[in-house]
Structures are given as structure tokens and as C-alpha cells.
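**Q** So the chains spell out like this:
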Amino acid sequence: MAALTFLLLERCALLLVGAFALTRVRAFRHLLRGAARRRWLWLEAGLFALFAALGSELGVDVPLGSQPVGAWSWRPGADVLRVGPDAVATVIGGLLGGPWIGGVAGALAGIWRIYMGGAEAGAAAVAAVLTGVLAGWTARFFAQEGILPPPKAVFVGLFAPVLYLGLVLAFAPAAAANAVVAAVNRMGLPLVIADSLAVGVFSAIVGVARLEEEQTEARAMQRALAIADKALPLLRWALDADAAARLAGLLRLEARVAAVAVCDGHHVLAHDGEGCPAHQPGTTPAGDLAEGLAQGVLTVVRDPARLGCADPDCPLTAAVLVPLRDGDERVGAVILYWSRGRVPSSADIELARGLARLLSREIRVARAEMLRGMIQEMRLRHLQAQVHPHFLFNTLHLISGLIRMDPDLARHLVVRLAQFLRLSLQTTSHRLVPLAQDLDMARAYADIVAARFGARIRITWHVDEAALDAVVPPGTLQPLVENSVKHGLAAREDGGRIDVMIRLLDERVRIEVRDDGVGFPEAVLSGETPGIGLSNVRQRLEALLGADCTLHLENLAEGGARVWCEVPLHTGEEVTV
Amino acid sequence: MTADNLLFLCAVLAGTILISDWSARSRPDPDRFYAASRGLTGTQNGLAIAGDFISAASFLGVSGAVARTGFAGLLYGASFLLSYPLLWLVAEAVHRLGRYTLADALDSVFGRPWLRLAVAVNTLVITIAYLVPQLMAAGELAQALLGWPRVAAILCMGAWMTLYVVLGGMLSTSWIQIVKTVLLLSGAGLTVLIVAGRSGWHPWAVWQAARGVWAGTQGAGTGNAWATLSTHLPIVLGTMGMPHILIRFLTVRSEPAVRRSLATATTALAAFYLLVLVLGTAAAAWGAAGPAAGSDGSLAVVVLARGLGGPLWAAYISAVAFATVIAVVTGLLLTATGALAHDILHQGFGRGAGSASRQLRLARLCAAGLGLLATVIASTAHGLSVTSLVTWVFVWAAATHSPMLLCTIYWRRFRPLGAMCGMVAGALVMSGWVIAHLQRGGPVAGAAPPGVWAILAGLAGCILGTFAADAWDAWPRGARRETEDAAGGEAGSPWRR
Numbered sequence: 002m003a004a005l006t007f008l009l010l011e012r013c014a015l016l017l018v019g020a021f022a023l024t025r026v027r028a029f030r031h032l033l034r035g036a037a038r039r040r041w042l043w044l045e046a047g048l049f050a051l052f053a054a055l056g057s058e059l060g061v062d063v064p065l066g067s068q069p070v071g072a073w074s075w076r077p078g079a080d081v082l083r084v085g086p087d088a089v090a091t092v093i094g095g096l097l098g099g100p101w102i103g104g105v106a107g108a109l110a111g112i113w114r115i116y117m118g119g120a121e122a123g124a125a126a127v128a129a130v131l132t133g134v135l136a137g138w139t140a141r142f143f144a145q146e147g148i149l150p151p152p153k154a155v156f157v158g159l160f161a162p163v164l165y166l167g168l169v170l171a172f173a174p175a176a177a178a179n180a181v182v183a184a185v186n187r188m189g190l191p192l193v194i195a196d197s198l199a200v201g202v203f204s205a206i207v208g209v210a211r212l213e214e215e216q217t218e219a220r221a222m223q224r225a226l227a228i229a230d231k232a233l234p235l236l237r238w239a240l241d242a243d244a245a246a247r248l249a250g251l252l253r254l255e256a257r258v259a260a261v262a263v264c265d266g267h268h269v270l271a272h273d274g275e276g277c278p279a280h281q282p283g284t285t286p287a288g289d290l291a292e293g294l295a296q297g298v299l300t301v302v303r304d305p306a307r308l309g310c311a312d313p314d315c316p317l318t319a320a321v322l323v324p325l326r327d328g329d330e331r332v333g334a335v336i337l338y339w340s341r342g343r344v345p346s347s348a349d350i351e352l353a354r355g356l357a358r359l360l361s362r363e364i365r366v367a368r369a370e371m372l373r374g375m376i377q378e379m380r381l382r383h384l385q386a387q388v389h390p391h392f393l394f395n396t397l398h399l400i401s402g403l404i405r406m407d408p409d410l411a412r413h414l415v416v417r418l419a420q421f422l423r424l425s426l427q428t429t430s431h432r433l434v435p436l437a438q439d440l441d442m443a444r445a446y447a448d449i450v451a452a453r454f455g456a457r458i459r460i461t462w463h464v465d466e467a468a469l470d471a472v473v474p475p476g477t478l479q480p481l482v483e484n485s486v487k488h489g490l491a492a493r494e495d496g497g498r499i500d501v502m503i504r505l506l507d508e509r510v511r512i513e514v515r516d517d518g519v520g521f522p523e524a525v526l527s528g529e530t531p532g533i534g535l536s537n538v539r540q541r542l543e544a545l546l547g548a549d550c551t552l553h554l555e556n557l558a559e560g561g562a563r564v565w566c567e568v569p570l571h572t573g574e575e576v577t578v
Numbered sequence: 005m006t007a008d009n010l011l012f013l014c015a016v017l018a019g020t021i022l023i024s025d026w027s028a029r030s031r032p033d034p035d036r037f038y039a040a041s042r043g044l045t046g047t048q049n050g051l052a053i054a055g056d057f058i059s060a061a062s063f064l065g066v067s068g069a070v071a072r073t074g075f076a077g078l079l080y081g082a083s084f085l086l087s088y089p090l091l092w093l094v095a096e097a098v099h100r101l102g103r104y105t106l107a108d109a110l111d112s113v114f115g116r117p118w119l120r121l122a123v124a125v126n127t128l129v130i131t132i133a134y135l136v137p138q139l140m141a142a143g144e145l146a147q148a149l150l151g152w153p154r155v156a157a158i159l160c161m162g163a164w165m166t167l168y169v170v171l172g173g174m175l176s177t178s179w180i181q182i183v184k185t186v187l188l189l190s191g192a193g194l195t196v197l198i199v200a201g202r203s204g205w206h207p208w209a210v211w212q213a214a215r216g217v218w219a220g221t222q223g224a225g226t227g228n229a230w231a232t233l234s235t236h237l238p239i240v241l242g243t244m245g246m247p248h249i250l251i252r253f254l255t256v257r258s259e260p261a262v263r264r265s266l267a268t269a270t271t272a273l274a275a276f277y278l279l280v281l282v283l284g285t286a287a288a289a290w291g292a293a294g295p296a297a298g299s300d301g302s303l304a305v306v307v308l309a310r311g312l313g314g315p316l317w318a319a320y321i322s323a324v325a326f327a328t329v330i331a332v333v334t335g336l337l338l339t340a341t342g343a344l345a346h347d348i349l350h351q352g353f354g355r356g357a358g359s360a361s362r363q364l365r366l367a368r369l370c371a372a373g374l375g376l377l378a379t380v381i382a383s384t385a386h387g388l389s390v391t392s393l394v395t396w397v398f399v400w401a402a403a404t405h406s407p408m409l410l411c412t413i414y415w416r417r418f419r420p421l422g423a424m425c426g427m428v429a430g431a432l433v434m435s436g437w438v439i440a441h442l443q444r445g446g447p448v449a450g451a452a453p454p455g456v457w458a459i460l461a462g463l464a465g466c467i468l469g470t471f472a473a474d475a476w477d478a479w480p481r482g483a484r485r486e487t488e489d490a491a492g493g494e495a496g497s498p499w500r501r
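Taken in order, these protein sequences are the chains called A and B.
Residue numbers for the first sequence follow the working numbering, beginning at 2 and rising by one.
Residue numbers for the second sequence follow the working numbering, beginning at 5 and rising by one.
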């Protein structure tokens, strides 16, 4: 019995060596990763069936009447049991791929087994199918683990030979029943030991191969992440030559390749590293790279001739084109080059794949950021352009009336109006201006109003000079004064007074305009129907200086209204006038 | 002891301890220890229930009985199977009400600490009384197959099985039971297939041969109708009072899963008893039920396997029988642990205080202690027949738990006092009979326990207790208030869902 055990273990070892060698081939390792496509399922089942058939070929002949001999024979005779490690591959197939793959592999192996012949070919074929299906179900039951750890695989593998033995006993011909029982008892224990151990080792081999595959991916992804992190500051919504050169330099160092080129949609923007003049900035990529760039797909070029480089002395021999995309739109590409016969490894290609994904995402984010800024800017410009036309027309009417009655005053008004308009032009060209400048504009406006309403309006200015360094959105103060004039006083026959106060409170500046007019209607105070002028100011204050700088409206207890806001003295923003 | 025996036994022991180790490695907490975090699927739980239920008495005992007596053995199998449809009556309610134990379920209905304590004590009695014959069977099996001394075999088996529960709790218990069910069904199925093949694919011939054997022993196994009813009614009703079966319904998350568990378990059991029937018949036909099968014929299947497939197959079938015992023992031990550690010590005396890790440590200590206790009892209690002990336990469960559970679930006006009285009445009748029985000089073969009377006593206790409680409520107020304050209970209906 011990001799037979060793013999079977040796045969199992041969099968395992073959399995180990196969997992060194990358294509087969990919297969072990658990492919989801139907086409691959058949391939996987076929592979395991092949191994099972190989196991049958490696089996030991156990004659019904006598002790087994170690010699290998081509085909078992009609009174010989062929026992071997065939169940091992079927079990592993079922454990890895589920009942379908296990069943198909078992069925194919069973067909081969019937073709081979032997005393128990039918029983062995049935056992093979059942083994595959049951192993698949077992794997489903332990679904939380991708692959069974070897000790458990040994435990599961124990039952494959038991099933085989039971079926051999069941299908034994009545005439030879006693001989079959004797043979089963001779080879049963060795078979169980050898097969279950082999299943354990096989599952360990598969587990190691899978782990290796996963680690390769993980390492490449980690590198890609690190590189993308460093490249982040260099990515803009559109690549310019300068940023491209820096990006190329960075990538060449980090990815450890011979050269890196950064392209926009058509041309090379920057090239860092080795390479003949045909690769320098301004040229267009050629050969397979041009095609990859045009289509925006990851392209691997291993043949130097297909790089499209005319110079036979060019050191660059292989390349991977990493496409950069923003959604469906091609933005450009990064080309990694290898020199002097080196070719990109699978890890390199994984790295390129990761880079393509990460860099594309960064570009997309940068573009989205830029678009957001642009939209905000346009909204502000639009708001600022709404202010003036009605005021302009009123004033021009006033001046046209004054020209005959009071030419001097008319002339003064024209000058002030010109000043006012020049200052208000800046409201469309600057985001923020010094408060002093905004105050000038409000004063020019006040002069015009004073001319129009004469003694009916008295405007008093209380200004802390130190507060005038603060910055505000252009045209903040003037609409406040205009509001007081229109809604506060113009409605009153006897006129009224307006106080404009600019006060420094520690680090903040309070801008306040109060009048003694009729006050705000309730609807304006509650914010239901704010006036266009004030809501415009409020929106710009909030957008440019923050929500705590918003505009406050109040009616005073003694009559009249006040409008105020507080802005910081120093915002840290540079203001150029 | 042959190499075959050793290999398969070691494989089963190593495989199951591997499962326990794996369950122990995942983050342990009381929820995981007692209820597997309610994480099993319906199918898994169904297989585990079957594994929990099919004891060595079922596999070896029923097949042996069929082999020896034919019809009487079949009746045993049918009773065991018939008890499963009745489980539908209580399974969902127990799942809804309970957390870790049967006492939890009763407590969440009535909220009476003394009732929880009583149910827990009764659970302990049932499980330990059921553990003893299982361990005895394991010892006898080990003695017969491995040639160890009986006491040593029981001690080894007991210690080894305690290890499973201490390590992995409910999770490892469940997986061991699932593995056991699959092993048992496939092993029995393969043996039946071999039987069919060996009979030249003419099953009728086997039947004919077996009838010839039974004709010789006709009349030996069939008593009068009353004794038969008294033996089999407790089996039919007792399953729904078996705490180790009931707590299995606490390991799934939803009621559809409970129904699926029951359907799976019933299917597995039906298949199993059918296979056992065939195996018993075949054992009779092959003459495997002779003296080689032990005094009560419980080794008939093993003898049959040796005849069919030689020592190798006999070794495999004995390993499967071992797995059977292991699974049942772990399930029982876990139930006893829940009753002692959770109900009595933690909820009862500890008032529910203490951190999760302390609770867990307590549970493991209790598991070890109870395992040791049961092992010691089993190793000293020789002379008792395994089958009669199992029958007593079923009667006890059917008399104490079953009427109380049915009343709790289906009688809206049922009172905690009724539950208590029912349990006490059933227990009194049964224990009185056992004591009288033992005093008359040990178990007498064929002396049927008073199954029907005990069950009726339990039911009467439930009804009378409830009426007594109602009458108590109808008394003048002043007298009642004092007792209520003393008991700390609440007035009005105890029906709290």
C-alpha cells in the first residue's frame, strides 16, 4: 500500500509540475484571474479538461486480480482500473470557475476517459462530471473567499476520490464484484491521500499565481497614482509648451523611461530625453503613434520600424502612447519611449493605463474648474452692465434743460458726468477697486443730483480717510446714494437729508447711507421684491467679498431708512487701477 | 484500528476543527457567538438544522431498527420526519421574538425574569440530558471502530467537541452541521447506489430478501397500540420543544429565510430517512443486522458498508457517523451554553450588564464547564440504553416546552403563570416516572415512558395556570396590589409584543 501511495504521489507531482510551469505563462495567468466573458469560460473549461485528461494519462494501472505494477502503459486493459490524479484538475476547475466550468471540464475529461477504456471507464466518467459540479457548488457555498486556502482545499479534495471509489463499487459488474472490492481496498487509501494533497498543492499554486497577478496590477497603479499626484500642478485645461516641457521632464524621471513626449491633438509640444530630431517639439508623431493619437486609444509599439522614425540610428525602439481625454474629447497624449531594444513590460503597460486614466481625470477637473470661473465672471459683468442707462438719460435731459438757463452749471454737470462715466467704466473692467475711487464716483453722482434737485437735498459726507484703502466691488456706494435719493426723498415735497458714513471699525470698514425719507416698503425689507440696484450690489458684495459682507436694509424708528454693509479693511487681493 | 479508519477519522476531525478555527479568527462578539450574527442564508440554515437534528440515534439507531424489525424502525423514521411539518407552527414566532435563546423569546413576550430563569433551567436539563446519550454513542462508536476503552473514548470525544464550541460558537457549529449534512446525505446516497448496483439494479430483490429476514423476527418489535402512541407522539411533538433546533431559527435575518430553512431541512430529512430506510432494508437483506452490529443493531450500517465495499468503505461510513455525532453535540453544547451564560448568569444574575468581551469570556467558560460536565456524566452513566435516554428527552421536551410554546403563540390570553405551571406539571410527571423507573432497577427494555400522560399534564398545567391567574386578577384590588409590588410585575395583560 505504501508503494502505491508513493507511486500515485509521484504521478501527482508530475501533474503539479506541469500546472506550475503553465502558471508561469502570462496568458494562462490572465485566465486564472476569473475572466467574466463567455468565450473565456469555454477556454478555461477546456484547459482544466486537458489537465484532467493528462491526469488520466499519468494514472497507475491497478489490475483487478493482482498487485499494481509501476510501469506506465499506453491504454489500460479491460480488467484494469486506471487511477490517477485526474480528479485534481476537475476539482480545481470547479472550485475556481463554479459548477458550469467544473461540469464541462468533468464531461470532457469523462469523454476522454471512456475513449481510453479500462474496467471502470463509465464510473470514472460519471464521477468526473459529478466531481466538477459538486466542487463548483462547494465554491459557491464558500463564496466569500475567492479561492479556497490550501488546507480547506485538501478537505474538499478528499471527497473527489471517495466519490470515484463509491461509483466504481456501484458500477462494478456482478461477476467481478469481489475482485473490484478487493482492488478498491488496495488502492483506495493511497488514492485519497495523493489526490487530496495534490488538490491542496494545486490550489496553492493557483493562489500564488493570482496573488502575483494582483500585486503587479496594484504596484503599477500605485506608481501611476504617485506620478499623477506630482503632475497635478502642471496640468492645465490646455497644455502650453512650457507646462508640457515640465510635465515631460517629470514623467521621464518618475516612469524611468528613455524619453517622454507630450503632445496636443496633433503636434509634439515637448520632448524630454533621448531621440533623433524627428521626435523634437513641433513635429508630428508618425507610424502607429499617429494612428493612436488620432483615435485617442492606448497604443503599444514594440517594433522600431513602426515608430515611424526615418533615422536608423535613432535610439528609441519602443513606445506606449497614453491618450489624454476629457470625456469623449481628445486633448492630447503622452508618449513613453524605450531605447536600445528594451520593450515595455506588462507592469509598464498597466502603469500607462493607470496614467491615462488619472491624468485624463485631472485634466477634466482642471477644465471644469476653469469653466466655473468663467461663468462666474460673465455673470458679474452682466450684473454690472445693468446699472446706468436710466440715470444717463435723466441726466442728459437735465443738462439739455440747463444749457439755456444756466450754462455754467450745465458745463459743470457735463464735466462731472464725464468723470462719473469714466469711473463707472471701471465697473466692467475690474472686479474690485479701492473705496476712495468708489467714493469719487459717488460724489460725482451726488453733484449731478444736487444740481438736479437743488436745495431739496442735502448730502453730508462723514468719511474716515484711513478707511479708504479698503476695496469694494466698483459701483457699490453710488447705487446706495441713488436709492436714497429716489426712494427716500424724491417722493417728499420738502426734500430731506442724506448721510453717507464710512467708518473704520478695527479691521473692518462700515459703509452706511441713511436718509430721512419714507423708508422701505415692507416687501423690499422682507426680500420679496428687492430693487434692482440694491440686489445687484448685494450679489456682487457676496460673490466677491463673502457672505458676511452682505448688504443690510433697515427702516429707522424715527423715520427714514438706512442701508449698510461691512467690508474687511485688508482682503489680501491685489487691486490694480 | 486500520489505516482507513484513522485516515478518514482524522480528515473529519481536522476538517471540522479547521472550520472552527476559521470562524474563531473573524471578529468575535456575543452576537456572533450565539447567533452567527444572523448571517446565514435560508438554505445554509436548513442544512444546518438537518445536521443539528439527525443524531447518531437517527442514522445508526433507525437504520439498525429497520434492519432488525422492519416496520417498527420505519415508524421511528416517520415520526422524526413528521415532527418537521409541526415546526412550521412555532419557527417564525421564535425567530421574531428571540435574540439568542429560547428563554429570550419567552421573555420578550412576558417580561418575567422568573419565567426566563425557569425556561433556561429547563433548556439546560433537556440539552444536557440529550448530550449524555450522544456522547455515549460517540464513545461506543469509538470503542467499536478504534478499539479504545469506553471511558477514554468518551472523555476524548467530549473534550474535542467542547473545543469546537469554545473556539467558534454558533458560526463554527453551523458550518460543522452543514458539512455533516452534506457528508451524511452523500455518504448514504453513495452507499444506496452501491446497494442498487450490487443487487444487479433490481431493488425489488433486496426488498424480497429483507422480508424473508423480518418474517423470522415478526412480532418482536411491535407492542400494543397505546405503547406505540406513547413512544411516537412525544417524538412528533417533542421536536418543536427542542431548544437546540429552535435557536437555529435565530441565525437567519428574515422570515422568508426561516421558511426556506424549514423547507430545506424538511427536504433533506425526507431524503435522509428514505435513504436510511433503504440502508436498513439492505442491511437486513445482506444479513448485516446480526450480532456483529452490536447489542441494539446500531452498527448495522457499518457492517453493511464493510460487506459492500470492504474496510475502506466501512471506515468512510464510520467517519460520517462521527461527523454526525460531532455536529449534534456541538449544537447541543452551544444551546446549553446560551441558557447558562446568557440567560441565567448574564441576564438573570448579571441583570444584562457587562461589556461584550466579558459576555464572550463568560460564554466560553460556561461552554468549557458544561462540556466537561456532560462528558463526565456520560462516562459514568453506563448501563443506560442510548435509545431509551433519547426517548425520555423527547418526552420531557414534548411535555414541558411544546404545550407552553403553542399556547404562547396561539392563545392571546395565555398568562406567564400558565407557562410556569405547564412546565412544572410536565416536568413533575416525567421526573416522577423516571425516578420510579430507575428505582425499579434500571431501564427495562420495552417499558414505554408515559408520553401521552406527560404531554396532557403539561397542557393542563398551561390552561389551569392561566385560569388561576385570571381568577387572581378578579380578586379585590387591595389584596392584589401587595403581591404585584412584591413580584415587581406589571398589571393588566402580559401580552406584550
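Worth flagging that the hints you see were computed from the coordinates, not collected in a lab.
Certain hints may be false.
Which bits of chain A does chain B cover? Going by a derived footprint, with three or more residues having C-beta under 8 angstroms, they are [claimed, not checked]: (1) 152–158; (2) 498–507.
Computed beta-carbon distance windows for the label pairs [to be verified]: (3) B:S361 x A:V209: 34 to 42 angstroms; (4) A:V209 x B:P295: 34 to 42 angstroms; (5) B:G356 x A:A348: 53 to 61 angstroms.
According to the in silico footprint, chain A covers these stretches of chain B (three or more CB under 8 angstroms from chain A) [stated by the list, open to error]: (6) 309–315; (7) 376–385; (8) 405–416.
Using N, Cα and C, we set each Cβ at its ideal position, and we do this for glycine too.
**Q** So, for every hint listed, does it hold in this structure?
**A** Quick rundown of the hints versus the structure:
no.	hint	result
1	152–158	holds (count 3)
2	498–507	violated (count 0)
3	B:S361 x A:V209: 34 to 42 angstroms	holds (37 angstroms)
4	A:V209 x B:P295: 34 to 42 angstroms	violated (54 angstroms)
5	B:G356 x A:A348: 53 to 61 angstroms	holds (57 angstroms)
6	309–315	holds (count 4)
7	376–385	violated (count 0)
8	405–416	violated (count 0)
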